[in-house]
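Position chain A relative to chain V; hints supplied.
Residue numbers (the working numbering), protein chains in the order written: chain V, 1 to 112; chain A, 1 to 115.
Hints in this document: simulated from the structure, not taken from any laboratory.
Hints should not be assumed to be uniformly reliable.
Claimed, not checked - Here are the computed lysine-lysine pairs in the DSSO-like style, where the Cα-Cα straight-line distance is at most 30 angstroms:
#1 A:Lys69 / A:Lys102
#2 A:Lys102 / V:Lys9
#3 A:Lys68 / A:Lys58
#4 A:Lys49 / V:Lys9
#5 A:Lys102 / A:Lys58
#6 A:Lys49 / A:Lys68
Just so you know, these numbers come straight off a predicted model, no measurement behind them.
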Amino acid sequence: NAGVTQTPKFQVLKTGQSMTLQCAQDMNHEYMSWYRQDPGMGLRLIHYSVGAGITDQGEVPNGYNVSRSTTEDFPLRLLSAAPSQTSVYFCASRSAGQETQYFGPGTRLLVL
Amino acid sequence: AQSVTQLGSHVSVSEGALVLLRCNYSSSVPPYLFWYVQYPNQGLQLLLKYTSAATLVKGINGFEAEFKKSETSFHLTKPSAHMSDAAEYFCAVSGYTGTASKLTFGTGTRLQVTL
Numbered sequence: 001n002a003g004v005t006q007t008p009k010f011q012v013l014k015t016g017q018s019m020t021l022q023c024a025q026d027m028n029h030e031y032m033s034w035y036r037q038d039p040g041m042g043l044r045l046i047h048y049s050v051g052a053g054i055t056d057q058g059e060v061p062n063g064y065n066v067s068r069s070t071t072e073d074f075p076l077r078l079l080s081a082a083p084s085q086t087s088v089y090f091c092a093s094r095s096a097g098q099e100t101q102y103f104g105p106g107t108r109l110l111v112l
Numbered sequence: 001a002q003s004v005t006q007l008g009s010h011v012s013v014s015e016g017a018l019v020l021l022r023c024n025y026s027s028s029v030p031p032y033l034f035w036y037v038q039y040p041n042q043g044l045q046l047l048l049k050y051t052s053a054a055t056l057v058k059g060i061n062g063f064e065a066e067f068k069k070s071e072t073s074f075h076l077t078k079p080s081a082h083m084s085d086a087a088e089y090f091c092a093v094s095g096y097t098g099t100a101s102k103l104t105f106g107t108g109t110r111l112q113v114t115l
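For reference, chain V alone in the conformation it holds in the complex (with noise of 0.2 angstroms):
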């Protein structure tokens, strides 16, 4: 069971490049979300989704886009990459029925 998996784990951008950054549970939880975590900020949630299929915005969702086709992945993409998108990601997942969230070790993404 390897619970949250986040690939890459770090990543260096130039300012308009777009990339993806991926997330797989394996642990056949509906809702699934990513977070940014910037330093005195906290985590800040992006987009979540409920289920396959339905996606929704979250605190701080411009620049980014979200789609879940299946239960098992759920990709971020950065669609122009900009400094401001520096940060470090982190991808989480719970069941419909619990409100424990379970985090995924993060990707670390520069964008210069």
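Then chain A, alone, in the frame of chain V:
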């Protein structure tokens, strides 16, 4: 709307001393409350959670927290700090808003443990 305030971005204690990390919350619905710990270059790990059962919650690694509704607080304590407790700690509140419950985090408290 819900929010979390963690008092003190950095806390330093001596090994063996009491650890007290403060968390106050605001929520328009009965809250679920969490403490997560983050070790350097790692993800977040659940320490403990309050889900409207017992107000004193015991977690892993000797940590516990007490839910006080009158004070809207959920402070984290450990009687005796260990060097391995050095990490960043996040308090979070969960409540239903719209289609699903969402987790709102505080800004974190970095715990330093000195000899």
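Task: Pair hint A:Lys49 and A:Lys68, alpha-carbon separation not exceeding 30 angstroms - done: With Cα atoms ~14 angstroms apart, A:Lys49 and A:Lys68 stay inside 30 angstroms; holds.
Task: Hint consistency between A:Lys102 and V:Lys9 [alpha-carbon to alpha-carbon, up to 30 angstroms] - done: Since the Cα atoms of A:Lys102 and V:Lys9 sit roughly 25 angstroms apart, the hinted pair holds (cutoff 30 angstroms).
Task: 30 angstroms limit on alpha-carbon distance, applied to hinted pair A:Lys69 and A:Lys102 - done: Since the Cα atoms of A:Lys69 and A:Lys102 sit roughly 20 angstroms apart, the hinted pair holds (cutoff 30 angstroms).
- [ ] Quickly compare the C-alpha distance for A:Lys102 and A:Lys58 to 30 angstroms and report which way the hint goes.
- [x] holds, 23 angstroms
TODO: For the pair we were handed, A:Lys49 and V:Lys9, check the Cα-Cα distance against 30 angstroms.
DONE: holds, 28 angstroms
Open item on the list: Can you confirm whether the C-alpha distance between A:Lys68 and A:Lys58 stays at or below 30 angstroms?
Closed with: holds, 15 angstroms
Every hint from the earlier list agrees with this structure, and none is contradicted.
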